[in-house]
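Here UniProt numbering is used: position 190 in the sequence shown is 190, and no number is missing along the way.
Heads up, a few of these hints could be off.
[To be verified] Here are the simulated BS3-like cross-link-like pairs (lysine-lysine), alpha carbons at most 30 Å apart as the crow flies:
1) K87 - K109
2) K107 - K95
3) K61 - K50
4) K178 - K188
[Unchecked claim] Pairwise CB distance ranges, derived in the manner of DEER restraints:
5) V202 - S248: 18 to 26 Å
6) A86 - Q108: 27 to 35 Å
7) R160 - F100: 38 to 46 Å
8) K50 - E85: 44 to 52 Å
9) R62 - I113: 52 to 60 Å
10) N197 - E218: 38 to 46 Å
11) I163 - N204: 22 to 30 Å
12) F100 - S166: 22 to 30 Å
13) V114 - K65: 21 to 29 Å
14) K107 - E57: 45 to 53 Å
15) E85 - R51: 40 to 48 Å
16) E84 - R62: 45 to 53 Å
17) E57 - R110: 46 to 54 Å
18) H59 - N93: 31 to 39 Å
These are calculated hints, taken from the structure and not from any lab test. Values in this document were obtained by computation on a predicted structure and should not be read as measured data. All C-beta atoms, glycine included, are put in the ideal place defined by N, C-alpha and C.
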Amino acid sequence: MLIPTTNEKDKVEKKPKPPKKKVKSTVSNAELERKSIRHSTAAKSAETLKRAKQQSELHKKRKRKRELEGTEEWVMPTQEELLEEAKLTEKENKKWVESFLKMEMEKQKRNKIVKKKYTGPTITYYSTTMPLIEVLDDAISVDKNKSDEVAAYKRGVHSRTFITFSSDETFNQIFPQKKYKSYPEKKKCCITKCETNYLDPVTNLPYLNAHVFKTIRESWAIHLEQHGDRSRPEVQAWLDYRQKLKDSKLKQVPSLSTPLTLHPQYLTSLQSSLQNIHTGSTNASSS
């Protein structure tokens with residue numbers, strides 16, 4: 001007698017489970033397509049019925065209109081009638097085109113931009129390149145920033161910018177010139193020709209130092225002794241005083257007869273100046 005083992009018992013006890021049945025959807029794709037087709041067909045048929053109804057109503061209206069006019073059917077116009085109608089249409093179109101063109105011309109005249117010419121002061125900038133005329137040195141430059149200048153020199157051209165003002169008034173307004181004080185011109189000594197600030201009140205001649213001043217006064221005294229107008233009391237009084245000084249030898253006055261260390265040209269200019277002063281004084285006394 002065979003005794004079943006535990007494995008066999010398990011095999012006997014285990015029973016296969018029945019497979020679960022899948023529940024299929026009751027609505028198929030075909031049915032969905034049918035439903036959509038039915039819906040679109042119904043909509044199209046409704047539109048067709050509506051259009052047919054409109055056509056029938058329009059036909060009824062036309063029929064009523066013909067009955068009122070007394071003609072049941074529309075008569076096709078002849079070729080002559082069509083040509084006459086075309087001529088009238090052409091005339092109307094021409095009139096309309098002419099009126100439209102006139103309106104456009106008036107519109108253009110109104111909207112035309114008239115550029116006003118500027119007549120005020122102007123400043124013109126003009127930049128150009130010109131041939132290189134000035135001669136440049138062939139010295140090698142160490143500055144790296146002068147590469148453009150060297151390239152321009154090799155090409156033989158250089159750039160120039162010109163600024164042109166329309167008038168001198170515009171230039172003076174933009175670049176006002178400062179008015180400097182005019183200082184009196186420094187006078188020069190009549191003998192040494194050096195600049196000086198001293199002026200002899202009698203002869204009105206500039207002098208540099210005391211030696212020149214004494215020379216001027218001595219020359220003036222000699223000139224009065226030789227060419228002075230002794231009829232004038234002041235001249236005669238001064239000559240008498242000078243003669244007393246000479247006689248008493250109270251003061252040594254340098255004489256022109258003594259040799260001077262001056263250039264002859266300076267002496268000539270001094271004598272001419274004294275001569276001019278003497279002629280001016282004589283003219284004033286005669287007047």
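- Query: In this structure, is the beta-carbon distance linking K107 and E57 contained in 45 to 53 Å?
  - Reply: holds, 47 Å
Tell me if the beta carbons of K50 and E85 are separated by a distance inside 44 to 52 Å.
violated, 36 Å
Review point. Per the hint of 45 to 53 Å, is the separation of the Cβ atoms of E84 and R62 within bounds?
Key: violated, 26 Å
Could you tell me whether the CB distance from N197 to E218 stays inside 38 to 46 Å? violated, 22 Å
(Q) Range first: 52 to 60 Å. Now tell me if the beta carbons of R62 and I113 are that far apart. (A) The hint (52 to 60 Å, Cβ to Cβ) holds, given that R62 and I113 are roughly 57 Å apart.
**Message:** Can you confirm whether the C-alpha distance between K178 and K188 stays at or below 30 Å?
**Reply:** Distance of about 29 Å is within 30 Å: holds.
| field | Whether the CB-CB distance between I163 and N204 falls inside 22 to 30 Å | value | violated, 51 Å
> Straight-line Cα separation of K87 and K109 no greater than 30 Å?
Replying inline: violated, 33 Å
Between F100 and S166, does the C-beta distance stay in 22 to 30 Å? violated, 47 Å
- Item | Q108 and A86 - C-beta distance against the hinted 27 to 35 Å | Roughly 32 Å apart at Cβ, these two residues keep to the hinted range, so it holds.
Practice prompt. Decide if the proposed pair is consistent with the structure: K107 and K95, CA atoms, cutoff 30 Å inclusive.
Written response: With a Cα-Cα distance of about 18 Å, the restraint between K107 and K95 holds, given a limit of 30 Å.
(message) Against the range 31 to 39 Å, how does the distance between the Cβ atoms of H59 and N93 compare: consistent or not?
(response) holds, 34 Å
The earlier numbered hints that this structure contradicts are 1, 7, 8, 10, 11, 12, 13, 15, 16.
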